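From first to last, the protein sequence lines are chains A and B. So for the first sequence, the numbering used here puts the first residue at 415; every next one is plus one. So for the second sequence, the numbering used here puts the first residue at 33; every next one is plus one.
Note that these hints are calculated values from the structure, not bench results. No false leads were slipped in.
Partial selection, computed: residues in chain A whose CB lies under 8 Å from chain B: (1) Phe490; (2) Met530; (3) Gly532.
These numbers were taken from a predicted model, which means no experiment stands behind them. Glycine residues also receive a C-beta, built at the ideal position from the N, C-alpha and C atoms.
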Amino acid sequence: MDTTALLLSRIQFASTVSFHIIFPAFTIGLAAWLCLLEGLSMATGQAVYRRLFDFWRSIFSVAFAMGVVSGIVMAFQFGTNWSELSRRTGAIQGPLLGYESFTAFAIEASFFGVLMFGRNRVPRWFYLLSCIMVAVGTTMSSFWIMVNNSWMQYPIGYTIDADGVFVPTDWWAIIFSPVMLVRFPHMLLAAYLTSAFCVAATGAWHMLRGTFKAEATTMMRMGLGLAAILVPVQLIFGHLVGDYTHDRQPAKFAAIEARWHDESPASEVLIAWPNEDAERNDYAISIPYLGSLIASMSFTSREVGLTNWPKADRPPVAIPFFAFRIMVGCGLLMLAVAWYGSIQMLRNRLDAQRWMLWGTFLSFPLGFVATLTGWFVAEVGRQPWTVYGVLRTADAATPFLRAPEVAASLAFFCIVYGVIFAFGTVYIYRLLQRGPAPTPEPKVGETNPKRPLSIMHSRSMEATK
Amino acid sequence: MIEFWTAVLALTIFLYVVLDGFDLGIGILLPMAKSDAERNHMLATIEPVWDGNETWLVLNATILFGIFPLTYSTLLSAFYLPLIVMLGALIFRGVAFEFRSKSKRTRGLWDNGFIVGSYVATFIQGTAVGALVHGLPMSGYHYVGGPFGWFSLFALLCGAGLCIGYALMGAGWLTYKSQSEVRDLGFLLIPRLLAALVVFLVLIFGLSLSNELWVLQRWIQMPALIVFPLFAVIACAVMLWAVRSRRELLPFFCSIGVFAAAMGTLSVSFYPYMIPFAITTAQAAAPPTTQSFMFWGVGVFVLPLTLFYTLAIYFVFKGKVGFDKQGY
Chain A
415 MDTTALLLSR
425 IQFASTVSFH
435 IIFPAFTIGL
445 AAWLCLLEGL
455 SMATGQAVYR
465 RLFDFWRSIF
475 SVAFAMGVVS
485 GIVMAFQFGT
495 NWSELSRRTG
505 AIQGPLLGYE
515 SFTAFAIEAS
525 FFGVLMFGRN
535 RVPRWFYLLS
545 CIMVAVGTTM
555 SSFWIMVNNS
565 WMQYPIGYTI
575 DADGVFVPTD
585 WWAIIFSPVM
595 LVRFPHMLLA
605 AYLTSAFCVA
615 ATGAWHMLRG
625 TFKAEATTMM
635 RMGLGLAAIL
645 VPVQLIFGHL
655 VGDYTHDRQP
665 AKFAAIEARW
675 HDESPASEVL
685 IAWPNEDAER
695 NDYAISIPYL
705 GSLIASMSFT
715 SREVGLTNWP
725 KADRPPVAIP
735 FFAFRIMVGC
745 GLLMLAVAWY
755 GSIQMLRNRL
765 DAQRWMLWGT
775 FLSFPLGFVA
785 TLTGWFVAEV
795 GRQPWTVYGV
805 LRTADAATPF
815 LRAPEVAASL
825 AFFCIVYGVI
835 FAFGTVYIYR
845 LLQRGPAPTP
855 EPKVGETNPK
865 RPLSIMHSRS
875 MEATK
Chain B
33 MIEFWTAVLA
43 LTIFLYVVLD
53 GFDLGIGILL
63 PMAKSDAERN
73 HMLATIEPVW
83 DGNETWLVLN
93 ATILFGIFPL
103 TYSTLLSAFY
113 LPLIVMLGAL
123 IFRGVAFEFR
133 SKSKRTRGLW
143 DNGFIVGSYV
153 ATFIQGTAVG
163 ALVHGLPMSG
173 YHYVGGPFGW
183 FSLFALLCGA
193 GLCIGYALMG
203 AGWLTYKSQS
213 EVRDLGFLLI
223 PRLLAALVVF
233 LVLIFGLSLS
243 NELWVLQRWI
253 QMPALIVFPL
263 FAVIACAVML
273 WAVRSRRELL
283 PFFCSIGVFA
293 AAMGTLSVSF
303 YPYMIPFAIT
313 TAQAAAPPTT
323 QSFMFWGVGV
333 FVLPLTLFYT
343 LAIYFVFKGK
353 VGFDKQGY
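Next up, chain B with everything else stripped away, as it sits in the complex (with noise of 0.2 Å):
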C-alpha cells in the first residue's frame, strides 16, 4: 500500500511540476514581451487552466498531510520563512490574473505581481528541493536548523536553475500554443534556455563534488541510474532538431522529458527517503487505516477521474490562441 501512495505523490508531484511549471515559466517569460499585445498574448494561452494547474500543489499537500504526516510537518515546518513568501507570490500571481483585466491605472502593478510571483514562487521551490538534495539539519525525525537551516549556495543554485527549467517549459508551451512574434520568441528562446541549463547542470555537479554530498555515493553504488541523465540528453537533442524544424508541440513535450529524467533522477537516488536522509517513506506513514481510507477512494476512484477531466479541459480549450479578435 504504502508503494501505490509513494508512486501517487510522486505522480501528483510531476504532475504539478508540469502542468504549473509551463504557466509559472510564462511568468518568468513575460518580461520578454515587446508590446502589450504580446503580453495579453502570452497569458491567454494559459488563462484558462492555470487555476486548475495550481490546484495541483493543494493536491500535493494533502496527501503529504494524510499519507505522510510526520514528513508534512517535518517539511513545512522547517522551510517557514521561504514556504510563506512562496503563498504570497502565488497570492499575487493568482489574483494578478483575474484583476488585470478589471483595473484602469494599475494593469503594472498586476503585470509585475504576476511576472515577480512567478519568479519568486519558482525560485522557492527549487531552493526547497536544492535543501533537500543538500540535506537539511536533523536530529532523528526532529529538524534542528532554526529559521534558515534550509539555506545553502547549492539550495540557491537549485532555486535560479529551477527557474530556467521552468521557462523552457514555458517556451516550449509558447511553439505550441501562440501565434506569430510570440511563438518565435518560444523558438529564439528554447536553444538559449537549454545552454543556460547545461550551465547550470555543470555548475551544480561541481558544487556537489566539492561538498562531497552524500547522494554521489548513491550514484556510485547503482551506475544504472545514468539512464535517466541519458534519456535527458535525447531529450533536448530531440527539442533543439524540433526547433531548427519548426515542430510546434514537440519542444514542449521534450521540455517534460527532461523534467521526467531529472524527477527520475532524484526520486532513484534518494527512495526510500522522504527527507534524506532521515525520514523514509514508511516511517512517515499513515496508519493502514488512514492509508486505505484514502485508498477506496481517492486511489481507485478519484484521482483517475480527475485525470480523466483535467485532460478533457485541456482538450476544451486545445489549439492555437487567437492573436486578438477570435480568442478562442
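Only chain A is shown next, with the shape it has when bound in the complex (with noise of 0.2 Å):
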C-alpha cells in the first residue's frame, strides 16, 4: 500500500470511529440513566419520572440509531482496509469483537425494540428488565471493545507462528490486563459524565426558559450530583491511566508532555508549540520539578525523552500533548461545574444565578470533547504501532488498497456522515426543545409519535405569556 492510501486509511478509520463513539459516549449513561428513571418511577409511582423516561427514551432513540448504524462501519473496517492486521490478529481481535457483538449489540439491538413499543404488550418488570438488558448491553459493548483496545495497546497471551499470525495462548491475561482494568473504568466514566453533563444542561436550559420547573429541577439535581461524585473518580482512573502509559508506553508518555531530551528532576510543559523538526519546545512555559511528581511521585526522578527512540519509532507529538491538554482542562472544568452547582444545589439556590445555569448549559459539550481528545492521546499516540511495538500500522494496512478507492470511500463516508450528523443533531435538538412535555406512548407505525404538534404550540404559548 502506498502511503497516500495508507494516510487516507487512517484518516478514514480515525474519522469513522471518532464519529461513532459520540453516540456509545452518550447512550452508555443514557441507558443506565433510564434504568435508573424507571425503576424510581416504579418505586415512587411519582409522575414526574415518568415523564423525563420518556422525554429521555426519545433522544435515546435517535442517538441510540446513529450509534448502531456507525458501529456497523467499525466491525467491516478491520477487513476492508487493513486486511494484514485482521489476518495476523484475527485470532485474537476476532473472538473479542465475537464477544462484544454476542453479549452486546444483539442484547441491545433486540431489547431495544421492547423498550420502545413494547411498554403496552409486556409486564411492568418486564418492561424494567429490558430496560436493564439495553443498558447491560451497551455497558458489555464498551467493556469488550477495551478489552480488544488495551490488548493492541499492550498485548500479551499470545505467540507469532511462522505466518506471522497471532495464536492466543491465554485469554484470561489477554482478557483482564491491568491495561483493561483501569482504562475500562475510564471508559465508563467518561460515558456516565457525558450523560451526565448532557442531563443537567438540559435541566439548566428548560430553567432558563422558565419551562417544565420539576422536571428540570430533577434534571439539574440528579445531573450534578452526579457529575459530582464521578468527576474525582475519574480524575483518580485518568491518573492511573496515564501510570499504564508511563511505564509500559514510554514514548507515548513522552509525546503528551512535549518531553525531547531525559531530564533529571524533570520540568512540566504547561503549554508549547512542540516543534518536531528541531526536537523542542517553542513558546514553552514549564514547572520545574512536576513532571518528575506527576510521572513518578518523585521531585528526583529522571524521566525519557523522545530523543531516545529513532524518529521512525517516535508517535507524532502534537496531537497528544494538545488533546491531553484540552482533555484535561475539560475534566477541571467539569469539575468546577459539579462542585459548584452541587454547592448551590445543597443550599437550596439553584435557580438564583443565572450565570451559574448558563454554565451549566453550555457544559453539555464537555464530556463529548474530554472522551474525544482522551481517545486521540492513546490512538495517535500509539504510532507508529497497531499492535504496540509488534505489528506497525504501515504493515496492517491491505496491500492491494490504492488511494483512489480510498479516497472515494472516504469522501463517501464524508458526505454520508454528514448528512446524518446534521439532521440527527437538528432532530435531538428539537426533542430537548420541546421538553419533556407529556405524550402518548408511541406506537408502532404512527409517524409522528413524539410530535404532537398542538402540545408543542401550548406550551410554547404558556411559554411565552
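Take the two lone chains and join them into the complex the hints point to.
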C-alpha cells in the first residue's frame, strides 16, 4: 500500500471511529439513567420520573440508531482497510469483537424494540428488565471494546507463528490485562459523565427558559449530583491510565509531555508549541520538578525523552500533547461546574444565579470533547504501531488497496456521516427543546409519535405568556 | 471443532438472510404503497425488529473475523468498494427509520433513503454471492483482482435476483403481519415475484452454462444435490396454493423454504471451500485456542441464549399490526 493510501485509510478509520464514539459515549450513560428513572417511577409512582423517562427515551432512540449504524461500519473496516491486521490478529481480536457482538450488540438491539414499543405489551417488571438489558448491552459493548483496544495497546498472552499470525496462548491474560482494568472504568466513567452533563445542561436550559420547572430541577439535581461524585473518581482513574502509559508506553508518555530529552528531575510543560523538526518546544511555559512529581511521585526521578527513539519509532507529538491538555482542561471545568452547582443545590439556590444556569447549560459538550480528545491521545500516541511494539500501522493495512479507492470511500463516508449527523443533531435539538411534555406512548406505525404539534404549540404559548 | 463453526456460520448467515431479508424486502416493496397510510403500515410491520435483524450481519462478520480470519480479511478487502457502498446504504436505511418520524419537511427524503438503501444493500449482497460463485481472481491465498475484480454480468444478475428473493420474503411477511389493502398487495405480488424468480433462475442457469462455471462440474459429480432444487419447487407450489387459499402465515414460511433450498445448494456445491476454489474452511481457520475460547462461551452458551430471546421478542410482537389507532 502506498503512503497516500495508508494515510487516507488512517484518516478514514480515525474519522469513522470518532464519529461512532460520540453516540456510545452518550447512550451508555443514558441507558443506565433510563433504568434508574423507570426504577424510581415504579418505586415512588411520581409522574415526574415517567415524564423524564419518556422524554429521554425519545432522545436515546435517535442517538442509539446513529450509534448502531455507525458501529456496523466498524465491524467491517478491520477487513476492508486493514486486511493484514485482521489476518494476523484475527485469532485474538476476532473473538473479542465476537463476544462484543453476541453479548452486547445483539442484546441491546433486540431489547431496544421492547423498550421503544413494548410498554403496553409486556408486564411492568419485564419492561424494566428490557431497560436493564439495553443498559447491560451498552456496558458490555464498551467492556469488550476496551479489552480489545487494551490488547492492542499492551499485547500479551500470545505467540507468533511462522506466517506472522498471532496465536492466543492465555485468554485470561488477554482479557483481564492490567491496562484494561484501568482503561475500562476510565471509559465507562467518561460515558456516564458525558450523559450526566447532557442531562444537567438540558435541565439548566429549561430552567433558563422557564419551562418544565419540576423536571428541570430533577434533571439538574441528578446530573450535577452524579457528576460531583464521579468527576473526582474519573481524575483518579485518569491518573492510573497515565501511570500505565508511563510504565508501558514511554514514547507515548514522552509525546504527551512534549519531553524531547531525558530530564532529571523533569519539568512539566504546561503549554508550548512542539517543534518536531528541531526536537524542542517553542514558547514553552514549564514548571520545574512537576514533571517528575506527576510521572513518578518524586522530585528527583529521571524521565525519558523522545530522542531515545529513532524518528521512525516516535509518535506524532502535537496531537497527543494538545489533545491531552484539552481533555484535562475539560475535566477540571467539569469539576468546577459539578461542585459549584452541587453546593448551590445543597443550599437550595439552584435557580438563583442565571450565570450558573448558563454555565451548566454551556457545559454540555465537555464530556464529548474530553472523550474524543482522550481517544486521540490513546490512539495517535500509540503510533507508529497498531499492535504496540509488534505490528506497525504501515504493515497492518490492506496491501493492494490504492489511493483512489480509499479517497472515494473516505469522501463517501464524509458525505453520508455529514448528512446524518446534521439531521440527527437537528432532531435531537428539537426533542430537547420540546422538553418532557406528556406524550402518548409511541405506537408502532405512528408517523409522528413524539411530535404532537398541538402540545408543542400550547407549551410555547404558555412559555411566552 | 471446525465443522461446528462451519455449521454455526451457515446458521447465522441463514438467519441474517431470512431476518434482514424480509425487512429489506419491505424496503424493496415500499414504492408499491399507494398512500402514506399504507407506507406507515408496511413499515410498522418491521419497526420493532429490524434493528435486531440487522445485528446478525455483524454477528456473521465477527464470526468470520474470529474463526476464519483469512476469509474475513480476503473477502472484505476484495469487495472494498461495494462493501463501503453497502454500509452507506445500511446507514441511510437504519437512520431513516428513526428520522422519518422526527422529520417535518424531509419525510420524503428518509422514505426514499429507506427504499434506495434497501435496494442497494440487497443488490450488493446478491452481487457478492454471485461473484463468489463465478469465482474471484485469486493467486494462492491472495486476491489479485484489483478494485473491480468481483465485477461480472453473472454477479450483477445475482444482485438483481436477490432483490426479487428478498421482495418475495417481504411480501410473505406482509400477508402475515398486515391488514386489508396492504395484505392484499402481498397476496397479489407473491405469484408475480415467483414468476420473476423463475425467469431469473433460468437466466442464471443459462449464463453459468455458457460461462462454463466450475461449479457445474460439482453438480455433475454430486447428483444428490437435486434434492435442494426439488425442495424449492415444492416450497413454491405450496406457496402458490397458500396464496390462492389466502393462508396468511404459510407464504412467509414457504419463502424461507425457498431460501433454505438456495443456501443448501450453494453450501453443498462449494463445501469445504469458503472462497471458491482457493480457501477452504480448514485453511482459513483460526488456531484451536481461539476456536475453543469461542466454543465454550459463544457456541455453548451465548448463541442459544441469543436465539432464545430473539424468538421471545418476536413472540412479544406477534400478531397483526393495527392499521392506525390501536398500533401494537
